[in-house]
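Engineer: For the protein sequence lines, the chains are A and B, in the order given. Okay, so the first sequence: first residue is 1 according to this note's numbering, each after it adds one. Okay, so the second sequence: first residue is 1 according to this note's numbering, each after it adds one.
Calculated from the structure, these hints are not laboratory results. It is possible that part of the hints are untrue.
[Stated by the list, open to error] Derived BS3-like pairs (lysine-lysine); straight-line CA-CA distance at most 25 angstroms:
hint, chain 1, residue 1, chain 2, residue 2
1, B, Lys-19, A, Lys-26
2, A, Lys-69, A, Lys-26
3, A, Lys-70, B, Lys-44
4, A, Lys-70, B, Lys-100
5, B, Lys-41, A, Lys-70
6, A, Lys-69, B, Lys-44
[Claimed, not checked] Simulated DEER-style distance windows between Cβ atoms:
hint, chain 1, residue 1, chain 2, residue 2, range
7, B, Glu-82, A, Asn-52, 38 to 46 angstroms
8, B, Lys-9, A, Asn-52, 14 to 22 angstroms
9, A, Ser-51, B, Glu-53, 39 to 47 angstroms
10, A, Gln-9, B, Leu-96, 30 to 38 angstroms
11, A, Asn-52, B, Met-15, 44 to 52 angstroms
12, B, Lys-67, A, Gln-95, 33 to 41 angstroms
[Unchecked claim] Over 10 angstroms on every C-beta distance to chain B, these chain A residues come out as not near it, computed from the model:
hint, residue
13, Asn-22
14, Asn-30
15, Asn-31
16, Gln-33
17, Arg-41
18, His-57
19, Lys-69
20, Ser-86
21, Ala-90
22, Arg-94
23, Gly-101
Glycine included, every Cβ here is placed at the ideal spot set by N, Cα and C.
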Amino acid sequence: SQQGEEDPQALSIQEGENATMNCSYKTSINNLQWYRQNSGRGLVHLILIRSNEREKHSGRLRVTLDTSKKSSSLLITASRAADTASYFCASGARQLTFGSGTQLTVLP
Amino acid sequence: DTAVSQTPKYLVTQMGNDKSIKCEQNLGHDTMYWYKQDSKKFLKIMFSYNNKELIINETVPNRFSPKSPDKAHLNLHINSLELGDSAVYFCASSQLGREKLFFGSGTQLSVL
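Chain B on its own, in the form it takes in the complex (with noise of 0.2 angstroms):
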């Protein structure tokens, strides 16, 4: 069974689409993280929810609206999606006060 799944592997969209990348988590975990790799492999900080409550984020366009339903699942919802946006999504996820992460296999977003 795969820790942090997260869906679509891959999103090809059009400049001005909304869409959602969806993130689940079965380790039991309580915090939950997005993460946005760009073409260089630099790999930024979006969000980090604990519990279902937001705790971490940074400064992302307000296009960008993570939800979290329960704390076994993050989603994230891109409003008037850009060209800037492509880019790889991670999602993660740990247990408060231990320091591993987990990661998702990532969703490769294209932006046309």
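Just chain A, same shape as in the assembly (with noise of 0.2 angstroms):
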């Protein structure tokens, strides 16, 4: 079964507005992940929040973590069209598991 489920689906926005994706999980973490797919490409690590952490900022990226809900957001800010991508939630302690993504459209 998928340790991360994000939400939603798929998201389209125009530049400049703000886009936020849900994930949620299901077993305890030690940390939870966010990475960056773009078409036809790997993934790209974004940024790592700890489980001890609430709230974590890396340029235009803010993360939360709320484990009583088990669940997490990825907000980014001021989107480009650059930001076009597949953005994925990754957790687990042996190994990563990875859910199947928001698929992000940033229309210029």
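With the hints as a guide, dock the two chains, each given alone in a separate frame, to form the complex.
Structural biologist: This is the structure in structure tokens:
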């Protein structure tokens, strides 16, 4: 079964708007990671948040973690057309388990 | 220099054939992985090797056999290919104890 499930499956916004993607997971975690995948490419690590952290920032990215609800969110502020990609959350102790991602389309 | 490189990028073959995908990492990592991504983009781990030793072997048909000649290489050999094997296969690496994975650009396998 999937450890992480992203929501929504697809999101389309205008350039300059903020994009929020959510992730739910099932078991206890040490940390949760977000990855980005451009079309036809491999996944690229974006940010990691540890289980004792509630919020983390990196540039235009903001990640929150709610361990009581077993959920995380990724916010991309002031989106750009180049942010168009699939975004995955991943977690797991012995191995990283990914969901099926959120496809983000940023329209110019 | 590409950190994790896998070849070929595209592989088109007939059912029943045997094929291999190669992966190399130049990051000095001690752990390498194979993931399979299906048409719905769901990414599932297949194998993990640490210092050439198999540490994760998920429920994968034994037609799939990974081989790690050294800790910088992890190849995937697939026997008797089936239509359902069509997917994108990703190699990844990490340093054990550090959670971040580095991915290759994927091999698109199409079985006809």
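Engineer: Confirm or reject each hint.
Structural biologist: Results of checking the hints against the structure:
At most 25 angstroms may separate the alpha-carbon atoms for a hinted pair to count; Lys-19(B) and Lys-26(A) exceed this at roughly 36 angstroms. Taking the CA atoms of Lys-69(A) and Lys-26(A), the gap is about 10 angstroms. The hint holds against a cut of 25 angstroms. This hinted pair checks out: Lys-70(A) and Lys-44(B) have alpha carbons roughly 20 angstroms apart, not beyond 25 angstroms. Restraint check for Lys-70(A) and Lys-100(B): the C-alpha separation of about 20 angstroms stays at or below 25 angstroms, so the hint holds.
About 22 angstroms separates the Cα atoms of Lys-41(B) and Lys-70(A), which keeps this hinted pair within 25 angstroms; it holds. This hinted pair checks out: Lys-69(A) and Lys-44(B) have alpha carbons roughly 24 angstroms apart, not beyond 25 angstroms. For the pair Glu-82(B) and Asn-52(A), the beta carbons lie near 45 angstroms from each other, so the given range of 38 to 46 angstroms is met. Range check, Lys-9(B) to Asn-52(A): about 40 angstroms between beta-carbon atoms, so the 14 to 22 angstroms window is missed.
The given range of 39 to 47 angstroms is broken by Ser-51(A) and Glu-53(B), whose C-beta atoms sit roughly 28 angstroms from each other. Our hint of 30 to 38 angstroms for Gln-9(A) and Leu-96(B) holds, since their Cβ atoms are close to 33 angstroms apart. Remark: the range hint 44 to 52 angstroms for Asn-52(A) to Met-15(B) is upheld by a beta-carbon distance near 50 angstroms. Our hint of 33 to 41 angstroms for Lys-67(B) and Gln-95(A) is violated, since their Cβ atoms are close to 19 angstroms apart.
In this structure Asn-22(A) is separated from chain B by more than 10 angstroms, as the shortest Cβ-Cβ distance comes to about 16 angstroms. Taking the minimum C-beta to C-beta distance to chain B, about 8 angstroms, the non-interface status of Asn-30(A) is violated against the 10 angstroms cut. The beta carbon of Asn-31(A) is not kept farther than 10 angstroms from every beta carbon of chain B, the shortest such distance being approximately 6 angstroms. Against chain B, the non-interface label of Gln-33(A) is violated: not every CB pair exceeds 10 angstroms, the least being about 7 angstroms.
Its beta-carbon lying about 6 angstroms from the closest one in chain B, Arg-41(A) breaks the requirement of being farther than 10 angstroms from that chain. With a closest Cβ-Cβ approach of about 17 angstroms to chain B, His-57(A) is found to remain outside the 10 angstroms limit, as its non-interface label requires. At the 10 angstroms boundary, the C-beta of Lys-69(A) stays outside the reach of chain B, the nearest C-beta of that chain being 22 angstroms off. In this structure Ser-86(A) is not separated from chain B by more than 10 angstroms, as the shortest Cβ-Cβ distance comes to only about 6 angstroms.
Distance check on Ala-90(A): its Cβ comes as close as 8 angstroms (rounded) to a Cβ of chain B, failing to clear the 10 angstroms threshold; non-interface status is violated. Under the 10 angstroms C-beta cut-off, the non-interface status given to Arg-94(A) relative to chain B is violated; the minimum distance is some 7 angstroms. Not every CB of chain B lies more than 10 angstroms from the CB of Gly-101(A), the least distance being 5 angstroms, so the non-interface label is violated.
Checked against the numbered hints given earlier, the structure breaks hints 1, 8, 9, 12, 14, 15, 16, 17, 20, 21, 22, 23 and satisfies all the rest.
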